[in-house]
Amino acid sequence: MVTLLYLFRRIIKMKNTLKNFSKKAVSMPMVLLLIIIVGG
Numbered sequence: 004m005v006t007l008l009y010l011f012r013r014i015i016k017m018k019n020t021l022k023n024f025s026k027k028a029v030s031m032p033m034v035l036l037l038i039i040i041v042g043g
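Quick note: the sequence shown uses the numbering used here, first residue 4, plus one each step.
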């Protein structure tokens, strides 16, 4: 239960971070790198 809540919070934080990144128009390689790091 605690782990699930933690994971959920992490995903929400990730979404907000990606939103901020797209707002700042970060270059595509940077976004891909972030996705690889988080996903891997």
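By construction, these hints were calculated from the structure, which means they are not laboratory data.
Glycine included, each C-beta is placed from N, C-alpha and C at the ideal position.
Hints are not guaranteed to be accurate.
FRET-style restraints, in silico, Cβ to Cβ [to be verified]:
{"id": "1", "residue 1": "ILE15", "residue 2": "GLY43", "range": "26 to 34 angstroms"}
{"id": "2", "residue 1": "VAL5", "residue 2": "PRO32", "range": "15 to 23 angstroms"}
{"id": "3", "residue 1": "PRO32", "residue 2": "THR6", "range": "28 to 36 angstroms"}
{"id": "4", "residue 1": "TYR9", "residue 2": "MET31", "range": "25 to 33 angstroms"}
{"id": "5", "residue 1": "LEU7", "residue 2": "MET33", "range": "12 to 20 angstroms"}
{"id": "6", "residue 1": "ILE39", "residue 2": "ASN19", "range": "18 to 26 angstroms"}
{"id": "7", "residue 1": "LEU35", "residue 2": "ARG13", "range": "31 to 39 angstroms"}
{"id": "8", "residue 1": "GLY42", "residue 2": "LEU8", "range": "14 to 22 angstroms"}
{"id": "9", "residue 1": "ASN19", "residue 2": "GLY43", "range": "28 to 36 angstroms"}
{"id": "10", "residue 1": "VAL41", "residue 2": "LEU8", "range": "14 to 22 angstroms"}
What hints, given by number in increasing order, does this structure fail? Per hint list: 1, 2, 5, 7, 9 violated.
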